[in-house]
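Number of protein chains: 2
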Amino acid sequence: MPAFEYKLLKTDGKARLGEVHTAHGVIRTPAFMPVGTAATVKGMRPEEVKALGSDIILGNTYHLFLRPGHELIEELGGLHKFMNWPGPILTDSGGYQVFSLADSRKITEEGVTFRSHIDGDKKTLTPENSTEIQRALDATITMAFDECTPYPAEVDVAADSMRMSMRWAKRSRDAFVKREGYGQFGIMQGGMHPHLRKESMEALEKLDFEGYAIGGLAVGEPPEMLAEMTEVCADLMPTDKPRYLMGVGYPSDIIRAVLAGVDMFDCVLPTRNGRNGQGYTSEGLVKIKLKTFERDPSPLDPNCECNTCKNYSKSYLRHLYRADEMLAGMLITHHNIHFYQQLMQTLRQAISDGNLQEVATKLLKKVR
Amino acid sequence: MPAFEYKLLKTDGKARLGEVHTAHGVIRTPAFMPVGTAATVKGMRPEEVKALGSDIILGNTYHLFLRPGHELIEELGGLHKFMNWPGPILTDSGGYQVFSLADSRKITEEGVTFRSHIDGDKKTLTPENSTEIQRALDATITMAFDECTPYPAEVDVAADSMRMSMRWAKRSRDAFVKREGYGQFGIMQGGMHPHLRKESMEALEKLDFEGYAIGGLAVGEPPEMLAEMTEVCADLMPTDKPRYLMGVGYPSDIIRAVLAGVDMFDCVLPTRNGRNGQGYTSEGLVKIKLKTFERDPSPLDPNCECNTCKNYSKSYLRHLYRADEMLAGMLITHHNIHFYQQLMQTLRQAISDGNLQEVATKLLKKVR
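Protein chains in written order, with the working numbering: chain A, 79 to 446; chain B, 79 to 446.
Same shape as in the complex, but just chain A (with noise of 0.2 Å):
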């Protein structure tokens, strides 16, 4: 079983290209991690999610502590084999989810009480139980439990905010039980306050995590304060841990932060704007139910080698759309995911090739 390690292969300005060693497998980093919220990447199996080039997937600790239920996972043999995903699983805390509760929710110091929306059952999470569901579901990356602090927060109230995430953080990190391969990440918060955002990394470096999250940004605020910030917290980090912008985001989003030096991200764009009919192309966001698809004969994004463009015009994607038909979502789903992982791709091999600034600037000028 190989220990849990962030290699650095080599940098090109703050950019990172390197690899994340777990017990069960290695991540190439900068990384994307396509979500599976409940257990399955939506309208994909996970043999093809792979094979477009992802080497980790993310998991939900809030709907899959509400169902099936952690305990029922273990006893299945964990979410790697629950959900034939033998390779890496990061799962958050189900801090955020639970945050988004708004109205059925409540905090204190002891953790969040909030109810079920799926069946409205009273329910709790804390930094303990949190850190224990996500062992139960075999997570190889489990995430500190916190508080995402909303946006805007005034300086007061990004304080406490972030404070009470460290209290948590420390008893995450007390509660987390260490296995060869596994690893824990603790998330920094402190709103878009610098000052903030350097008390929490020092505060999460005396708990010696095994690697960083950006939290609390691409929660509203605009483009260029997330570019700002992300650069802000990226050289607070350490160089000798993996380092993950929770949450990000757009194409643009992650080569701006790849240049900030992040090497992780995840983000439910490419899978749920595949279900709305949205492709991510090299010509920009492919809306497809427009009417001037109708007859148009070209794939999605004519320059793609995915098995979607290879094999069906935009004519076809857009009678699945309006038919509503499954095929729809699985197939712009399959480009999305192949389009994002193609840009990590080309990201790493731009840092590796030491050109990524030129690289990104051009990629820069095509994406959203």
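Treat the hints with care, since some could be wrong.
What follows is a list of derived Cβ distance ranges for each label pair [said to hold, decoys possible]:
| # | chain 1 | residue 1 | chain 2 | residue 2 | range |
| --- | --- | --- | --- | --- | --- |
| 1 | B | V346 | A | R350 | 28 to 34 Å |
| 2 | B | K443 | A | H195 | 42 to 48 Å |
| 3 | B | S360 | A | D197 | 44 to 50 Å |
| 4 | A | H195 | B | A180 | 38 to 44 Å |
| 5 | A | H195 | B | D238 | 53 to 59 Å |
| 6 | B | N389 | A | Q435 | 39 to 45 Å |
Facing chain A, according to a computed beta carbon distance under 10 Å, are these residues of chain B, among others [claimed, not checked]:
| # | residue |
| --- | --- |
| 7 | V119 |
| 8 | R123 |
| 9 | P124 |
| 10 | E125 |
| 11 | R145 |
| 12 | K159 |
| 13 | F160 |
| 14 | N162 |
| 15 | H273 |
| 16 | G407 |
| 17 | M408 |
Anything over 10 Å on all C-beta distances counts as not near chain A; from chain B, calculated [what the hints assert, rightly or not]:
| # | residue |
| --- | --- |
| 18 | E83 |
| 19 | V113 |
| 20 | A117 |
| 21 | V233 |
| 22 | A237 |
| 23 | D238 |
| 24 | R241 |
| 25 | G355 |
| 26 | L398 |
| 27 | V445 |
It should be emphasised that the hints constitute simulated quantities derived from the structure, not laboratory data.
Virtual Cβ for every residue (Gly too), placed ideally from N, Cα, C.
Assemble the complex: chain A is given as a structure, and chain B must be docked to it using the hints.
The following block gives chain B in isolation, referenced to the frame of chain A:
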């Protein structure tokens, strides 16, 4: 371009092992045709449909006529290219669907006027335009336009309906553009009345179709009557042309019809039930939503080698189904099409081995 030709390879009792040679490839018979109503076998990629042993699929003229329209599909290169299925495609005539629109259609000698279920537009299908639509779709096998006689029907009603269908068969045949490797099938009607079936078959034979279908069965009559009438009809059909029993059916219906000498089948059951969480297995129909499967680590069918059964537990499939995840329908549909195509392969092998009666008797004890 090969001629459209039926080759009878071997018989075992009344059962027939054969091949239908077409412009788009060979169909091994007895054959099951998965239903691709709206230019997609719901929830499956075409390469997957093929890999599971399907030589031919069915498309629905009614649906494609209304959306996206046969002219669009012709402009995009025909249905094969449009949906990325290069193999043979049989299209129905649209009649059956139109007659199902009980309250919003009017039947005359000319044809059927109806309102679209999509936008309420008034449309007409006749023997002539149904045949033309199927040509525009580039159907490998075109079906004659007929009236599906309801069950039960008094002899006079069934006779009148059948005789109109025979006049429509003549008009369909006249409208058919003969092309090398393409064929048109006439459809026998006559309700549950053997003498009307005989009259119908004699009328069709004069038109020298490339194949013949049994229509008006599996419309609500008891299974024993379906089996009995299938045999009556098959006995009336010529031996040098393929025989197609429309809309059938349950595995047991298919087995009995193969024993009676039928070559081709189609049915929505494996795909529709796949989406409804019902799996056909060697141990009978499995309703995956049942609580009893909550923690069941065994596959849908312990005697199955399909991708679904090799990689996923009943517990996982139940979770996906309850969470309304697309993958539930994808995985169970995959299994069901595999089950149906394995059944056909077993029946073909048994005819080849000369022990169909024995194999069929065993199978009929296990399947519904």
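Hints versus structure:
1. V346/B x R350/A: 28 to 34 Å: 29 Å Cβ-Cβ, so the 28 to 34 Å window holds.
2. K443/B x H195/A: 42 to 48 Å: Distance hint for K443/B, H195/A holds at roughly 46 Å.
3. S360/B x D197/A: 44 to 50 Å: violated, 35 Å
4. H195/A x A180/B: 38 to 44 Å: holds, 40 Å
5. H195/A x D238/B: 53 to 59 Å: About 58 Å separates the Cβ atoms of H195/A and D238/B, which means 53 to 59 Å holds.
6. N389/B x Q435/A: 39 to 45 Å: Because 43 Å falls inside the window, the suggested range holds.
7. V119: holds, 8 Å
8. R123: With a minimum Cβ separation of about 7 Å from chain A (threshold 10 Å), the hint on R123/B holds.
9. P124: Since the shortest Cβ distance to chain A is 8 Å, the answer is holds.
10. E125: With a minimum Cβ separation of about 8 Å from chain A (threshold 10 Å), the hint on E125/B holds.
11. R145: Nearest chain A Cβ about 6 Å off; hint holds.
12. K159: It holds, given that the least Cβ distance between K159/B and chain A is near 9 Å, below 10 Å.
13. F160: Status holds, d = 5 Å.
14. N162: Result: holds, 4 Å to nearest chain A Cβ.
15. H273: Cβ of H273/B sits 43 Å from chain A, so the hint is violated.
16. G407: Constraint on G407/B satisfied, holds at 7 Å.
17. M408: holds, 7 Å
18. E83: Non-interface label stands for E83/B: nearest chain A Cβ at 30 Å, farther than 10 Å.
19. V113: Given a closest Cβ separation of 13 Å, the condition holds.
20. A117: Nearest chain A Cβ is 7 Å from A117/B, so the label is violated.
21. V233: Consistent with the label, V233/B stays out of reach of chain A, its closest Cβ about 41 Å off (over 10 Å).
22. A237: Correct as stated: the minimum Cβ-Cβ distance to chain A is 38 Å, above 10 Å.
23. D238: holds, 36 Å
24. R241: holds, 36 Å
25. G355: It holds; G355/B is separated from chain A by about 14 Å at its closest Cβ, greater than 10 Å.
26. L398: violated, 6 Å
27. V445: holds, 27 Å
Violated hints, listed in ascending order, are 3, 15, 20 and 26; each of the other numbered hints is respected by the structure.
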